[in-house]
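Build the full structure now, drawing on both the sequences and the hints.
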Amino acid sequence: MSKPVFVYVTYIASTPEKVFKALTDTDATAKFWFGNAVTSDWKVGSPVKFHREGKLIVSGKVLEHDAPRRLSYTFQSHHEPHNGTEKPSRVVIDLEQQRDQVKLTVTHDDFTPDSKVFASISNGWPLVLSSLKSYLETNRVLYAPWYEEQVKREAEKAAS
Amino acid sequence: MTARFTPKTVYVTYIAAPPDKVWQALTSSELTRKYFWDRTVKIEPKVGGAFTLRFPDGRVNVQGKVVDYDPPRKLTYTWQVEWPEEFRRLPECLVSYEIAPAGEAVRLTMTESHSWDVPEAILSGGRMGWPAILSSLKSLLETGKPLSIAMEPPRDMIEAIKKLK
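Line by line, the protein sequences give chains A and B.
For the first sequence, our numbering assigns the number 103 to the initial residue and increments by one for each residue that follows.
For the second sequence, our numbering assigns the number 13 to the initial residue and increments by one for each residue that follows.
A hint or two may mislead.
Unchecked claim - The calculated label-pair distances, taken between Cβ atoms and stated as ranges, are:
| no. | chain 1 | residue 1 | chain 2 | residue 2 | range |
| --- | --- | --- | --- | --- | --- |
| 1 | A | Glu-155 | B | Thr-18 | 50 to 58 Å |
| 2 | A | Leu-158 | B | Ala-162 | 27 to 35 Å |
| 3 | B | Pro-96 | A | Glu-155 | 52 to 60 Å |
| 4 | A | Thr-207 | B | Gly-70 | 31 to 39 Å |
| 5 | A | Thr-214 | B | Val-22 | 19 to 27 Å |
| 6 | B | Pro-19 | A | Asp-127 | 35 to 43 Å |
| 7 | B | Glu-42 | A | Thr-141 | 39 to 47 Å |
| 8 | A | Lys-151 | B | Gly-70 | 55 to 63 Å |
| 9 | A | Asp-127 | B | Asp-50 | 34 to 42 Å |
| 10 | B | Ala-162 | A | Asp-168 | 20 to 28 Å |
| 11 | B | Asp-50 | A | Glu-155 | 43 to 51 Å |
| 12 | B | Glu-97 | A | Lys-151 | 49 to 57 Å |
| 13 | B | Asp-32 | A | Thr-117 | 14 to 22 Å |
| 14 | A | Thr-187 | B | Pro-113 | 30 to 38 Å |
Unchecked claim - Simulated crosslink set (DSS-like; lysine-lysine; CA at most 25 Å straight-line):
| no. | chain 1 | residue 1 | chain 2 | residue 2 |
| --- | --- | --- | --- | --- |
| 15 | A | Lys-205 | B | Lys-20 |
| 16 | B | Lys-157 | A | Lys-123 |
| 17 | A | Lys-205 | B | Lys-46 |
| 18 | B | Lys-157 | A | Lys-205 |
| 19 | B | Lys-20 | A | Lys-259 |
| 20 | A | Lys-218 | B | Lys-20 |
| 21 | B | Lys-20 | A | Lys-105 |
| 22 | A | Lys-133 | A | Lys-105 |
| 23 | A | Lys-120 | B | Lys-157 |
| 24 | B | Lys-46 | A | Lys-133 |
Claimed, not checked - Away from chain B, derived, C-beta distances all over 12 Å, residues of chain A:
| no. | residue |
| --- | --- |
| 25 | Ala-130 |
| 26 | Ser-142 |
| 27 | Asp-143 |
| 28 | Leu-158 |
| 29 | Glu-182 |
| 30 | Ser-217 |
| 31 | Asn-225 |
| 32 | Val-243 |
| 33 | Ala-261 |
It should be emphasised that the hints constitute simulated quantities derived from the structure, not laboratory data.
Bear in mind that the values here come from a model prediction, so they are computed numbers and not experimental data.
Backbone N, C-alpha and C define an ideal beta-carbon position, used for all residues, glycine too.
Pasting the structure below:
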């Protein structure tokens, strides 16, 4: 089985500086990332943590912080049903100014061949990045009451 | 007829707009010319009807036949590129859009399916294009303003097409 790689591209009418700030800011992530607030001092090797309602959802370590071009960290899901049992994968976010917009590319890889987190993040990133785009372009976020259900359904499907 | 096509590229985006507005964006030439690099769409609203995508000068860029027409849920058509000329060598593919309510937003899923062992280089065209087109569609519906993304088909794709018989 080959190792899965997830790639997603979106274009946002904004600047690389604003997109980079949104991705690394505690308050901004809490807004567009459905309550998942990121904290880190963003030094290479430092911890990265996403908390929602006081609960640890994702943890990792900073691999690269090259504002406003590239942000990379390891990614371990503590969310149900993964609960930190799967070894960390890797997130790389590249930003590139193109005319009046920013091309944002997420490359999420380095999964175990039988990864269950992969299915969750494949559903999650399009939602998170659609919300980020709305947040930066219209100052409103996408509310995702369905997201929990979707994660659960995918997990059940993967388990059966 | 769609059984012989295999999904090769899927792009999902969530849009803060009602399903019928997203449907309108996919089927109205006034809107496609704003987010789809000035191209105008024309769709006969029935299964088996004609689908055409034209450049501003009237030349046909892509044509096909409607396979699913279920407003505002599912739209599928066959996709045969007519211009640029060498792209006519490409076998027709299938482009499908699904619109599903998702909370206060909708989830739009675009699936590009192929009937042959299509090389990655050829798939790279759609993989580059769809995120740009659908990001621009989302911006248009949410802000009233599309994006202005400049893009040409990847060189590898053109080379791969030239090798087709």
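Comparing the hints with the structure gives:
{"no.": "1", "hint": "A:Glu-155 to B:Thr-18: 50 to 58 Å", "in the structure": "violated (42 Å)"}
{"no.": "2", "hint": "A:Leu-158 to B:Ala-162: 27 to 35 Å", "in the structure": "violated (42 Å)"}
{"no.": "3", "hint": "B:Pro-96 to A:Glu-155: 52 to 60 Å", "in the structure": "holds (53 Å)"}
{"no.": "4", "hint": "A:Thr-207 to B:Gly-70: 31 to 39 Å", "in the structure": "holds (35 Å)"}
{"no.": "5", "hint": "A:Thr-214 to B:Val-22: 19 to 27 Å", "in the structure": "holds (23 Å)"}
{"no.": "6", "hint": "B:Pro-19 to A:Asp-127: 35 to 43 Å", "in the structure": "holds (36 Å)"}
{"no.": "7", "hint": "B:Glu-42 to A:Thr-141: 39 to 47 Å", "in the structure": "holds (46 Å)"}
{"no.": "8", "hint": "A:Lys-151 to B:Gly-70: 55 to 63 Å", "in the structure": "holds (56 Å)"}
{"no.": "9", "hint": "A:Asp-127 to B:Asp-50: 34 to 42 Å", "in the structure": "holds (37 Å)"}
{"no.": "10", "hint": "B:Ala-162 to A:Asp-168: 20 to 28 Å", "in the structure": "holds (25 Å)"}
{"no.": "11", "hint": "B:Asp-50 to A:Glu-155: 43 to 51 Å", "in the structure": "holds (47 Å)"}
{"no.": "12", "hint": "B:Glu-97 to A:Lys-151: 49 to 57 Å", "in the structure": "holds (55 Å)"}
{"no.": "13", "hint": "B:Asp-32 to A:Thr-117: 14 to 22 Å", "in the structure": "violated (33 Å)"}
{"no.": "14", "hint": "A:Thr-187 to B:Pro-113: 30 to 38 Å", "in the structure": "holds (33 Å)"}
{"no.": "15", "hint": "A:Lys-205 to B:Lys-20", "in the structure": "holds (22 Å)"}
{"no.": "16", "hint": "B:Lys-157 to A:Lys-123", "in the structure": "holds (23 Å)"}
{"no.": "17", "hint": "A:Lys-205 to B:Lys-46", "in the structure": "holds (19 Å)"}
{"no.": "18", "hint": "B:Lys-157 to A:Lys-205", "in the structure": "holds (17 Å)"}
{"no.": "19", "hint": "B:Lys-20 to A:Lys-259", "in the structure": "holds (21 Å)"}
{"no.": "20", "hint": "A:Lys-218 to B:Lys-20", "in the structure": "holds (21 Å)"}
{"no.": "21", "hint": "B:Lys-20 to A:Lys-105", "in the structure": "holds (18 Å)"}
{"no.": "22", "hint": "A:Lys-133 to A:Lys-105", "in the structure": "violated (32 Å)"}
{"no.": "23", "hint": "A:Lys-120 to B:Lys-157", "in the structure": "holds (19 Å)"}
{"no.": "24", "hint": "B:Lys-46 to A:Lys-133", "in the structure": "violated (30 Å)"}
{"no.": "25", "hint": "Ala-130", "in the structure": "holds (18 Å)"}
{"no.": "26", "hint": "Ser-142", "in the structure": "holds (26 Å)"}
{"no.": "27", "hint": "Asp-143", "in the structure": "holds (31 Å)"}
{"no.": "28", "hint": "Leu-158", "in the structure": "holds (25 Å)"}
{"no.": "29", "hint": "Glu-182", "in the structure": "holds (20 Å)"}
{"no.": "30", "hint": "Ser-217", "in the structure": "holds (18 Å)"}
{"no.": "31", "hint": "Asn-225", "in the structure": "violated (8 Å)"}
{"no.": "32", "hint": "Val-243", "in the structure": "violated (9 Å)"}
{"no.": "33", "hint": "Ala-261", "in the structure": "holds (23 Å)"}
Going down the numbered hints, you'll see the structure goes against 1, 2, 13, 22, 24, 31 and 32, while the others check out.
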